[in-house]
Amino acid sequence: MKIKSLNFKTMKSIKFYAMAVISIAMLASCSKDNDDKDTDPVEDEEAITKLVLTFTNQNDAADTVVLTWDDANGDEVIDANEKTIVGEFNTGGVYDAVLELFNKDEDFLDEDILANQASIDAHFFVYATSLEFTMARAADDSARSDNNKLGVKTTWTAGATAATGDISVQLFHQSPTVSDSDGFGTAAGTDTDIDISFDVEIQ
Amino acid sequence: MKNICLILFVLCSGFIYSQNCKNIFIGEVIDFHDKKPLINATIKLIGTNKITIADEKGKFTFKDLCDNTYTVEVSHIGCETKQIIITINGDTFSKIDLEHHAEELDEVLVSDNFIKKETKTSQETVLKYETLARYSNLSLGDALKEVPGVSSINTGNTIVKPMINGMHSSRILILNNGVRLQDQEWGIEHAPNIDINSANQISVIKGSGALAYGGDAIGGVVIINPNRIIRKDTLYGRSILGAQTNGKGYNVSSTLNKNYKSGWFAQLQGSYKKNGDFKAPDYNLTNTGLDTKGITARFGKNKFQSGFEIYYSYLNNEIGILRSAHIGNIKNLATSINAPRPIIIDDFSYDINNPKQKVTHHLSKASYYKRFKNFGKVDVQYDYQNNHRFEFDIRRGGRSGIPAIDLKLQTHTLSVNGKKDNNLERKYNFGLLARYQNHFANPDTGVRRLIPDYDKYDFGAYTTTEWEINDNLIADAGLRYDFSRIDALKFYRTSDWEGRGYDALFPDLVIEVLRNQVRTIPDLQFHNFSGALGIKYSFNNNNYILGNYSLSSRAPNASELFSDGVHHSAARIEVGDLRIDSERSNRISGTYGYSNSNLNLQVESYYNKINDFIYIVPSPLGIVPLIRGPFPIWEYIQTDAHFFGVDMSANYQITPYWKANHKSSFIKAYDTKANLPLIDIPAFTTLNGITYSNTNWHNFNATIQSEWTLEQNEFPTEFNYTVPIANEDDIYVDLSPPAGYHLMHFKSEITLPVFKQASLNIQFSVDNVFNTNYRNYLNRLRFFADDIGRNFRLQLQLNY
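Quick mapping for you: the protein sequence lines, in order, are chains A and B.
Taken in order, the first sequence gives residues 241 to 443; the numbers are from our numbering.
Taken in order, the second sequence gives residues 298 to 1097; the numbers are from our numbering.
Be careful, since some hints might not be right.
Stated by the list, open to error - Facing chain B, a subset of chain A residues (Cβ under 10 Å, in silico): (1) Asp300; (2) Thr304; (3) Trp309; (4) Ala312; (5) Asn356; (6) Ser359; (7) His363; (8) Ser370; (9) Asp406.
These are calculated hints, taken from the structure and not from any lab test.
Bear in mind the structure is a predicted one, so any value in this text is a computation, not a measurement.
Cβ atoms here follow ideal geometry from the backbone N, Cα and C, with glycine treated the same way.
Next comes chain B alone, as it looks inside the complex:
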């Protein structure tokens, strides 16, 4: 019936306009990005039987057309089919552009297994959703340990900071959907504010090769991306429900996506996690509960020629800190280290008491892009982040409800990025960035400000190029300049101001002298240059090598400059230094990769020399007697350091059902001026596993994994203290690394079809199968308690 109507309509319109039907329509089909002709494009006039093919110049001709409007459909292999409306009025000429290289131009999702790397020549590892989903109940820092060479520095089991090749905090740059995370990352117990459930793919880039994102990523870059947009009419989602025995934890997470063929898209994601006190093999870890809520929403339009996105994410974390980790002074630390069990052990509870952290992070962004013919793409982005951190401490006199730390960091960033890719063999990227940041320390805490109020201004500019020299060789290079200025207001104790000699060095900074304190306005400026150079050479389909050199420079963070106060769980006074300048890293790296149908092997090596490396060490001032008891002073200094190491990963398919995997990383790091090993460097770690998988049994697979961490035998023993006690024996405080350990883990999964277009993935796993007692050198609570014991986990994931 419908067809008959359509035919009638076509006939009628033909009849009406039949007076002039001798027009010629000449067209030309060209490639959008570089204006080359698209040979053999198929051109159809919808509603007629006219069809033709473009010649070697991309040209085509239709004859005998009436004055009318026609819908022209143009298609070409590898291109998105396009319909346009052409008005014929006499002989007509029209140029039609199609994009033939959308795949190379990173605009479309080619397949579910498509991995989009951010860089060509860097040491980059991509974690896909299937891997990330296993960490739904854990954190970003836990998931990133899938990458060889990535470890973490922890405060307990829920505050997990990623560490790339021995470096963490401000030396790692984290991007969440194109927004550089600004969440007071200078603090060692400030975990990144990312909900792992909002990530669809994560790239970990070692070193600072990705200059577009910043020039100060001395350790590396972590790029977290949400779902890529599919241009078709579809509604899909997934939900995860998980539970674990240790900590009696549970987690739920759901994501819903709506996409349209027109390019419009919307996504909503939410997650909630909770656990109570974790348990070490022999006792409860009192007050280690966690409560996390996260929401992400985004919508926009994604077309080849232009598009925009509005994105918002919210994360709220409430994290208990082991009760026994709150200590009074350095003698108490010695008592804790020597005690076989933590001082305070209570029955299991979901309650999160002091000491605890409560952090909220809002991230919003608006971005717009447009693609220009025979040039490339330009995008503009504005983002705003609001990070509010409360730390509640053990206090008295009804003050437990008042935070001891209340810091609010707000960041606005405006950036423009251009990509010139009309020549796919030689691409250029360039961009500009302006950022304003305000830090506010609420004085209502009744505790001296740990970090002062400040305004920070950043400006950055970069250019990079990528050159496909031939089929086997790709080279890239980049340059970046960053300016930053910190304008702070800080109160120094007069005794400290004079004790550090600042009164002679910076007399102009003092704007008011108060009783026992001075009001100062440090205004610091930093100019930094960074650069990168890399090649990738493929010998054949199986072998490739990467070589990379990068220079990166990092301005000191607020903690390194201004820290001033007692750090309770470390039982030390931490002092920043106004004189600290930028540190500069020269990193060279080489990678060898091999792959065939059975074996996948990758060996990454690096040498990183850092001049003016900033770190905190025991001060020559030694131990001072506070009214609370003796405390050592630690202060930030600059030295020269070098880091080197090798990371290796291998997967071997032994038989169609059995597969072995191996990961290991080896690293050494030294302060070359003081000739000391650096503190907090991961020991040699190796992970080895064997997996049985059978696709006939509903994609069943099971893995037994061994995790072996050696004892770190290189520790600056000079950092241990001897505390003299009047009329008693000295107290020796031994901070040396704990013994190495070996853990076994088990994991298995099965995927069942449940109803039409939906599947249910069930995962069962056991961590620390043998309930081994161990302490991890890089867990800052190792002085107080063992790490967590055996944990059974069950996770259901419904994809629909």
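In isolation and in its complexed conformation, chain A is listed as follows:
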């Protein structure tokens, strides 16, 4: 009988402790994490919301072609009305091109790609066109540790034939092998962060 009553008491105290632990746990966790007013939307830190590719004729600073995509509605989709193309290329013209990338007000290129050598090494721009262009990466373009140039600053020479076509830009992230030998660049890999094309004209 003695043993029994002892067990019963132990039982009772264990029940008490269990209930105490439960009530505390309940109290602690019922404090709402998602208070509707305090929660803010998350702005994507790595989103590219604006891309500007500016071509300037080496012999005529007034002869420019500016290709812009600006994600006005913030949905990451390249809507047709978000692309603007200002200017045309002149046959035989030699153009210096500079690429700029933004995440809203932040300079994405500076902060996320050109920030340090490791970041430069993790990226590579590849260009393509259906028009008659030759292309080279500029001498002052950032260089990767594997001696391939990143492709932010480039030089484009328009051919002799007038035509309409497109220019496309791709940004590869952590591509296993890249090459800048033909200027436009080639990259293996399956992780692209930018893949956009613009309709342009050589006249």
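Following the hints, complete the assembly by docking chain B onto the known chain A.
This is chain B only, laid out in the frame that chain A set:
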């Protein structure tokens, strides 16, 4: 010496109280659960030579007793012997209850080979510890494939989600020691947070027959139970040490149990697993390492009349995802599918880099039960779970240490269950459940929330009955009602909110308009009814049939309602739909079983019709050009679907040493509205093996197993894409199933006695003996790499 003292003591006490020794003690021995007399119970007065037997009314009489306290020992065949203390003061009457049906009332462990089924008429298969121990280095999903009709949907080899008759994730309910697992099971790459080493027995129930656990188990129920409690003074345990060549993996696991005759028990279990990069026959699968730690502790008291348990388990998984599976857009997916080898192959490493998952799961519970005379048992349980999931992605600018996904799910559940079993031929169960859940998506990730913050409230009530109509026929039936409410806070992009027409449908949900986004508070409620009806008829000792009908209803999960974002390894945008309502399944099944001393055969068939079946399909919006490149949009829709199939298993003892086994499963599933085959349905699979065993050679046995999976020839080819590329050829993305495959496996074991009461079990096995290249349709990394190649495994298990 001791005996002499005892005799002296008895003599002395007799002398002291000798003044009145003419008392009569009349007693009655009755069965605890139904108050019936226990005829022929033996009643002993300890310390005297008095002994008697209860008559046909359970009554007994002792004469010539002195005023004193006596220890009375009552025993009866099949009952636990009981000692009680009786004070005799004049003529005395006392009722003594014993439990004669403890076995039927599921309270005691009868033998080591005892299998406790959870249901009587459902298609249930029980996996015992001996089987589970072979999967010590693997996962729950791998072990469950022992059950015919159970397959898995994988992301690589370490994220393995069980699939029952073609259904997975929220359609499968997993119970770990009586606690329904709440671990963000909606995600296809979210494996159940269970350490297989903590399980002692697992029941797999196809369909939703087990209503006590939930009414939404359209696919099935998996019940994981730890060791059953033995009521005797004992200390025992086991330790497992394993190693494997593929992935250079190793695993350790230990369990220690302490039990007392008084019913007190304690158990401690821990395990650790690690492997580096796995290897396909031709190349390393870079970044497929795994690191798992698990601890389980429980203690309590288990007596027939009452008991309690405190249980805690912790699991921490760090899982690498194949590096080459991180891709940019749908063009990249096409490149991966067409490439003969993965894009990134590095040397072997134990390092787990991004992309990876890191998930911790805490589960704690406290339960108490009490048994009432002539009624049954009532138990109360509270449990709390904390599931915290981090997913690390390939990021830039020093963000690789910041998770891209950081979701925390906390769940509190309070439940009360009653079991009325004073009539063993007609048992009733009933219960109530209340649950509160909080989901929190940490905004510090710098990535838009994939799943929003929400609070969820559930309430459930059920009743079931089990009726033994005669010796051959058992019937059961049940009803259940579930209410659930989700109160969420979600930011929609204004373009999406308007694009989906929500601005017209749900204008009241918007509480604030921000630049490009709207703040909304969806508050959704679901009422669901479910029911089940089943019979088991045994023709004789060899043949039986089961028939079952079940209605189950499942409310949509958070992913189906709210998903909103890019799914990287699938290269698609996944979009939930606020308008999604519950899906309802009507499942009928029939089973035939045959067994004699040589042959064991079971054929299970089913037909499952699901109205408003929720699944994700390519959206009519097609492919959208994101800045990252083109992405197809997939969206959750509701349709009508049906699933049907047959699962079969057979074991045949050819000679005393040779045994053959067979398992196969056949399933078909269609979207009946769109008239399309459903995606991700397992193809016909058959497993056939032959085992040699010889108990004289230290229980040696060796098995050669063939695993043959056919190509899935029914695939909705409409789900493939053609991606138009300006001024170039279109890119065709072919998601069709890979070819079928045939694998051979070998396993063997021997059990050696090592020292007193301890044995050492040694297992050696080879998976994929011929190092066959293959891709599994239900492995989501099949687009990127072959499955793993040959693997030698050695496992030592010490039982003590």
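(message) Could you work out which of the previously given hints the structure breaks and list their numbers from low to high?
(response) The structure conflicts with hints 1 and 2, although it agrees with all the remaining ones.
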